[in-house]
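Visitor: These are the residues of each chain, in order.
There are 2 protein chains.
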Amino acid sequence: MSGIADVAALAGVSKATASRALTGSGHVSQATRSRVLDAAASLGYVPSTSAVSLATGRTRNVGVVMPYVNRWFFAEVLEGIQQPLLERGLDLTLYDAKPGTEGRARIFDDFLARKRFDGLIAVGLEPEDRELQRLMQIGRPIVSVVGADEGSSVVSIDDDYAARRATEHLIALGHTDIVFLGGGVGEHWAQVDRRRLTGYEAAMAEAGLASTTRHVRSEVSIPGGYDAAVDLLGDSRTRPSALVAVCDEVAIGAIIASRRLGVPVPGALSVVGIDDHEYAEMFSLTTLQQLPRQQGAAAVELLLAHLDEPHRPPTSVQMQARLIVRSSTSALAQA
Amino acid sequence: MSGIADVAALAGVSKATASRALTGSGHVSQATRSRVLDAAASLGYVPSTSAVSLATGRTRNVGVVMPYVNRWFFAEVLEGIQQPLLERGLDLTLYDAKPGTEGRARIFDDFLARKRFDGLIAVGLEPEDRELQRLMQIGRPIVSVVGADEGSSVVSIDDDYAARRATEHLIALGHTDIVFLGGGVGEHWAQVDRRRLTGYEAAMAEAGLASTTRHVRSEVSIPGGYDAAVDLLGDSRTRPSALVAVCDEVAIGAIIASRRLGVPVPGALSVVGIDDHEYAEMFSLTTLQQLPRQQGAAAVELLLAHLDEPHRPPTSVQMQARLIVRSSTSALAQA
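Residue numbers (UniProt numbering), protein chains in the order written: chain E, 1 to 335; chain Z, 1 to 335.
Keep in mind the hints are simulated off the structure, nothing from the lab. All the given hints hold, so there is nothing to weed out.
Output of the computed footprint for chain Z on chain E, the stretches with three or more beta carbons under 8 angstroms from beta carbons of chain Z:
id, segment
1, 67–74
2, 83–94
3, 102–113
4, 269–282
Here are the simulated lysine-lysine pairs, DSS-like style, with alpha carbons at most 25 angstroms apart:
id, chain 1, residue 1, chain 2, residue 2
5, E, LYS115, E, LYS98
6, Z, LYS115, Z, LYS98
7, Z, LYS15, E, LYS115
8, Z, LYS115, E, LYS115
9, E, LYS15, Z, LYS115
Being a predicted model, the structure only gives us computed values, none of them experimental. Where is the CB? At the ideal position from N, CA and C, for every residue including glycine.
Here chain E stands alone, though its shape is the one from the complex (with noise of 0.2 angstroms):
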């Protein structure tokens, strides 16, 4: 069997720069590193990470905690997460935590207090006290996106403002009677959803519609929002003309309702969502664009930060929502 020594004479370099470029720690030419791997490829060379993460004390790994994995902004911030951690040989070991679950009671019971990462990135985790009580006691870096913790670094967009913009660009339009669609079901209201509830009723207050604000609650998905549009926009009395939901797909979800119902959009209902879905040019939705790849991205940086520098204090990085108007909404009709 092969060992460093065959990798390093082959590659032409010494030890120790076969070892930096095998084990990723220290800095090491891209070209230096690709004749390395080279060599140790051509020997079957591999070194033991067992023994390369007891010498470094680095277990060369990112712990990413999320409660889903199948909806767009989870998926995306996982892309945006997995990209910088492939690009400093950093491996990523998922933890998929969904509320109320015995799998997530066992991810922090046991999984996250293994410690076989350096640090921890949690996505729209919203811990319980007991679990932020574990995550705590952890003792490595923790980075959040969208969280509310205190204590840590978090990533996030300013949730009041994104919808407190939408609701204005619906009033700006003549609209009074405006729902706000989703979030509110079962027990785990997140609390991303209900930042942006309160965006949308402190700008109905500013404009003097504190008396027509409603919120009519729906799971958090495209057929939860079109389970809860088909409900609301059935009855020509009761229905709004416009709707602020709580992301783009509750709003994309409500236009699929629409069209169903024979509720034109935008002429009989206009539509907001908050996010820039992949879905949302297909559907012309006017939304509040923000940029979850980026926001993963971010969280990396800021974790290897932390890593670099143990008693860095806590940061929040808060990236700003852009309106971008498509064709779901428009003046309301005079009647």
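Start from chain E and add chain Z according to the hints.
Guide: Quick look at chain Z alone, frame taken from chain E:
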């Protein structure tokens, strides 16, 4: 600092039992395991996993390589994999290997060669020759989902059958002008999409309809199906009476396009998909149902069997798709 002996003493078990409970190796009852974990938590004791790995020769980690995480099928398979791994105390390291990217090259050249996992599950990977060679070099068990690799175990559905059954359903309803929609765009024409096209062609040929066989290419996504269908359905002279879509996402895109163009489904156009996507019900989509979560779970079972029994021969598990008739298909209207 507390050691394993302190944990064992507090939990009232032997050191060997405490070690088994903490590392997940060997059998320990759930009650004992809880007691040991509580003792470890109260003492702040966590085993060094690097030391554990060196001692047991196992990483207790499964690698999952997939080209996408943000498409329904892949996200569902991932959920199906995560659940049984969690139950067994195994970590999941995710490698997001988009075709044609530099990240993918690094995964094959570098990440996989480090072998930081006991085994690998490759989902819809379709490795090129060079990549396949790298996979063989790893010398760890590999199970493919939707793969066509010889030499490793595979979990899949019979794609040929699914597309054939979808086509036969339309033929039985009196349709003859049936288009196969989707796939075949760009460099990466997935084998699964080709197999489905072949099933459609076979069913058409058997019904004496070989001369009206038509494949319209599209990206395999809802927007991809939408774009291709807008083009195809816009002209009533070339519009078919029915579509077999390569998957539900393409079928749903086509239905959204039909509604936009005022082409009633199923009145003027019948549409069948393959998947039973989470949105299928919302669009009343007739489809061939597959259950990707079950495929993910089956892949985990197979991988564990290979780990327990290193010389076990490769197995192929083929699941059958099931026709679900909703209201996106109907008998051909008599002219």
